[in-house]
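Fit chain B to the supplied structure of chain A, relying on the hints for placement.
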Amino acid sequence: MALEAEPVRRDADRLRAKYHRRYLMGRFTLYLLAIIAAFCCAAPFLWGAITALKLNGDLYNPNNNPFLFNQPATMDHVLFLFQETPFLTFIWNTLWMGFLVVVITLVLGLPAAYALARLERPWSGPMAIGIFFVYLVPPSLLFLSMSRIVVWLNLQDSTWALVVVYPTFTIPVSVWLLFGFLRSIPKDIEQQAMVDGYSRLQAFVRVVIPIMFPGIVAVIVFAFTLAASEFLYALAFVSPTVEKPVSTGVPTVLIRGDVFFWQSLQAATFVVAVAIAFVFNLFLDRFVHGFTMGAVKG
Amino acid sequence: MAGTLEDDASQDAPPVSVRSSKRITLGDREGALAWLFLLPSVVYIVGLVAIPFFLAIGFAFSDVSAGDPSYDFAGLRNYRRAFADPVFWTSLRNTFVITVITMILVVVLGTILSNILVADFRGKWVVRFLVLLPWTTPVSLSSVTWLWLLDSIYSPIDWVMREVGLLGPDTLFGPTGNMYWLGKPGLATASVIMVQTWRLVPLAAVIIMAGLAAIPDDLDEAARVDGAGFWRRMFEITTPLIMPVVAVATLFAAIFTFTDMAVVYVLTRGGPTNSTQVLASWAYYKGIEGGDIAQGAAIALFLFPILLAAAVAILRSVRKVEVL
Chain A
1 MALEAEPVRR DADRLRAKYH RRYLMGRFTL YLLAIIAAFC CAAPFLWGAI
51 TALKLNGDLY NPNNNPFLFN QPATMDHVLF LFQETPFLTF IWNTLWMGFL
101 VVVITLVLGL PAAYALARLE RPWSGPMAIG IFFVYLVPPS LLFLSMSRIV
151 VWLNLQDSTW ALVVVYPTFT IPVSVWLLFG FLRSIPKDIE QQAMVDGYSR
201 LQAFVRVVIP IMFPGIVAVI VFAFTLAASE FLYALAFVSP TVEKPVSTGV
251 PTVLIRGDVF FWQSLQAATF VVAVAIAFVF NLFLDRFVHG FTMGAVKG
Chain B
1 MAGTLEDDAS QDAPPVSVRS SKRITLGDRE GALAWLFLLP SVVYIVGLVA
51 IPFFLAIGFA FSDVSAGDPS YDFAGLRNYR RAFADPVFWT SLRNTFVITV
101 ITMILVVVLG TILSNILVAD FRGKWVVRFL VLLPWTTPVS LSSVTWLWLL
151 DSIYSPIDWV MREVGLLGPD TLFGPTGNMY WLGKPGLATA SVIMVQTWRL
201 VPLAAVIIMA GLAAIPDDLD EAARVDGAGF WRRMFEITTP LIMPVVAVAT
251 LFAAIFTFTD MAVVYVLTRG GPTNSTQVLA SWAYYKGIEG GDIAQGAAIA
301 LFLFPILLAA AVAILRSVRK VEVL
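First to last, the sequence lines map onto chains A and B.
Each residue of the first sequence is one higher than the last, beginning at 1 in the numbering used here.
Each residue of the second sequence is one higher than the last, beginning at 1 in the numbering used here.
Same shape as in the complex, but just chain A:
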C-alpha cells in the first residue's frame, strides 16, 4: 500500500506545482499586458501633463530629456490658459450645448425606443434598423448641405447651430442603446402596473423610466461624450471665438498660425481628457451591457 501511495502523491505534488506555476505565469502575463496597454493608451496624456508644466527654456531645447524637469516646473502656462484665454468660455459652451443636446436626445429618443421595443407594430423592426443606419451617415457627407440649412435657420456662427445639429447623431445611437436596456426589463412589470389601473402611457412614465434610470444615465454620458468630441460641424458652422466649444475653440486660440502655445494646449487637453474619461469609466459597465442587449437581441 505504502509503495503504491508514494508515487501517486509525488505525481499529485508535481501536478499541483505545475498548475501553480502556470497560474503564476498567467497572472504575470495579465498584469504585464494590462500595464503595457494602459501605458500605450495614456502615455501621450501623461507626457502632456509633464510638458504643460515646463518652462519655455526647458521645453524648446532638443537636448533636454523630454520626460524630466530640467528646469523648475511652472504653473504660468496653466494660469495663462485659464486667465488669458476663453478656455472657461469654451468649457461653458460645451457644457450647456451638451446639456441641451442630451435633453433633446432623451425627450425624443426615450419614447422612440419604447415604441420600438414594446408597442409591437409591424413596422417596428425595419424602423429600428433604419434609425440605426442614420448613425452611420457621417458628418463629412452631410456638412456641406447642412451648412446651408443652418444658414436658412439663421443659426450660423452660434453655438445653437450645434444644439440643433448634434441630436442627428446622438438620437440614433441613444435609441439603439435604450432599446437594448428596455429589452432587459421584464414586460411583466409594466403589465402589472396596467392591471393595477395605469394606462400604457402612465406605466411608461411612472414605472419603466424609473427602472431604466441607470441605463438612461449611461446614455446621457455617451451622448454628451459624442457631442463634446465632434469636430467637423463645430469647425464648419461656428466661427466666432466666444461661441466655440472646446473641440474647436482650444486649437483656434492656442494655435496662431505657426505659433503653438504647447504647454497651454497640453494642459487644456489633459483637463478635458481626464474629466470626460473619469465620468465615462463610472458608467462603462452599463454602457457595455446596453450595447450587448441592443446587439444580441436587436
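Treat the hints loosely; a few may be bogus.
With a straight-line Cα cutoff of 25 angstroms, these simulated SDA-like cross-link-like pairs (lysine to any residue) come out [as the list claims (entries may be wrong)]:
(1) B:K124 - A:V259
(2) B:K124 - B:E221
(3) A:K187 - B:G31
(4) A:K187 - B:L36
(5) A:K18 - B:R233
(6) A:K187 - B:L39
(7) A:K187 - B:A214
(8) B:K124 - A:G125
(9) B:K124 - A:L282
(10) B:K124 - A:K187
(11) B:K184 - A:V259
(12) B:K184 - A:P62
(13) B:K124 - A:I35
(14) A:K18 - A:V8
Treat the hints as calculated values from the structure; they're not laboratory data.
Below, chain B without anything else, positioned relative to chain A:
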C-alpha cells in the same frame, strides 16, 4: 400580454379585458401611441439628415459656391473636374489604405485589449480609466497632443531613438537627428494610421467586451473541466462566439476612420503636398475653405456607396449575433 390584448379580445368570446370597464384614453391606444412616440424622432431625422443628404446629391450636380449660392444644374461637371485632379485619386487611395490598415490593427489590438479588460486583477479601475482616455478625448485635442509628439524638432520619440542609438549620424535611421514624422509622405501616412488606431482601439475593445460578457460562464467552465488549456479555450470557444461582435467592432472602426477628417486636418493638413489627403479632408478644403460647395459635395458623395456597403455588412453580422 398587453400587446396581444386586442387579439385576445377577438379570439375569446365574450371579451375578457381588465380594462373593459374603463374608458379607453389616448394613453391606452397603442397604435396611436406608437406613432406619437416615434414621430418626433423621425421628423427630426428626416429634417436634418434626409433633407441634407438629398441636398448634397443635388449640390454634387450643380455649380453652387459660397460666392454664388444660386442653384444651376451642372450635370457631371464636378465629377469630370474631380477625376481630372490627381489629388482626388491620391485622396481616394489614401482613404482606402489608411482605413484597411487601421481596421486590421484595431481588430487585433482591440480583441487582445478586451480580453485583458474583462479579466479580474487589482487596479482594474485605473487601467480601464487610462485605456478609455484616447477614445473619450475630443479627437481634435488628442490629435494636437500627437502633433507635438511627432514634432519635427522636439519629438520625444526622436529623443528616445537618439538616446538608444537609432537616430543620428552613423545609425540605422539616418544621419539627421530627427525622423520628421509628418514631413515625409510615407511616414506621415504611417503617423495618421498610428493615431487613428490609437484612438479607436478602446472603442473596439469596449464593443468586444460586450460580446465577451455575453458568453455564458458554464461554457468556459465545462471546457476547463474537460481539460482544455487557455489557448484551446481562446481559439475554439471564445473566438468563434465573439466573431459577430468583433465584426461589428471592425465595421465601426472602418467607418470612423473612413469618414474622419480631424486627424488628417490637425496632423498634416493633408500634406506634405497632399500626400496624406483623404476624401473627407479634401471635401472640406474644397467645399468650405475653397468655397466650392458643389465640388466638395461631389467628393464627399464618394463616401456614400462604400458606407452603404459597410452598413449592410454590419446589419448582417448583427443578425448573426441574434443566434448567440
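* Asked: Which of the listed hints are not met by the structure?
  -> 1, 8, 10
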